[in-house]
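A.B. asks: Sequence:
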Amino acid sequence: MSLSKSKFYNWIERYGKINEHNAPIPRDFWLESWEREAIIKFALDNPLEGYRRLTFMMLDQDIVAVSPSSSWRILSQAGLLQKWNQKPSLKGTGFVQPLLPHEHWHVDVSYLNIRGTFYYLCSLLDGCSRSIIHWEIREQMAERDVEIILERAKEKYPT
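Mapped onto the numbering used here, the consecutive letters of the sequence shown carry residue numbers 409 to 567.
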């Protein structure tokens, strides 16, 4: 009979034990179904509390003693976890795209590093065509500088 030594010694080591090498056997520390149901019921009774606070509230009230990670896992599987700062997305609302050229301009100010010296690039973009209609490079940029650049662009494209 051809049997490897490791297989033989594994059999000797497992002799008399429950066959548990093929699948997980329920352990003493695994949560039981009544504990899962208690966590879910408690979460439904206290919908404004987070999973961590729920865990310690259940512990204080002797409902069930589990770790916060177990509470999170059970509530997540039940679909009961929600973000606390849910805000509806405002994407795509509130801004109407311009239909005609020069109806809406955008100002963009960015830095340029030319031979170790920082300069400011101020460009005016057309909202309809999204093309640069005017730009200037300056050593400093203040509110009055942007106003001057806007006035020069208005001179180029009077309405």
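Any given hint could turn out to be false.
Unchecked claim - In silico lysine-lysine, DSSO-like type, Cα no more than 30 Å apart, as pairs:
hint, residue 1, residue 2
1, Lys425, Lys413
2, Lys425, Lys415
3, Lys449, Lys491
4, Lys495, Lys449
Because the hints were derived from the structure by calculation, they are not lab data.
A.B. asks: Determine for every hint whether it applies to the structure shown.
C.D. replies: We went through each hint and held it up to the structure:
1. Using a Cα cut-off of 30 Å, the hinted pair Lys425 and Lys413 holds, with the two alpha carbons roughly 20 Å apart.
2. The straight-line distance between the Cα atoms of Lys425 and Lys415 is roughly 16 Å, inside the 30 Å bound, and the hint therefore holds.
3. At roughly 19 Å between alpha-carbon atoms, Lys449 and Lys491 fall within 30 Å of each other, so this suggested pair holds.
4. Only pairs whose Cα atoms come within 30 Å are accepted, and Lys495 paired with Lys449 is accepted, the gap being roughly 26 Å.
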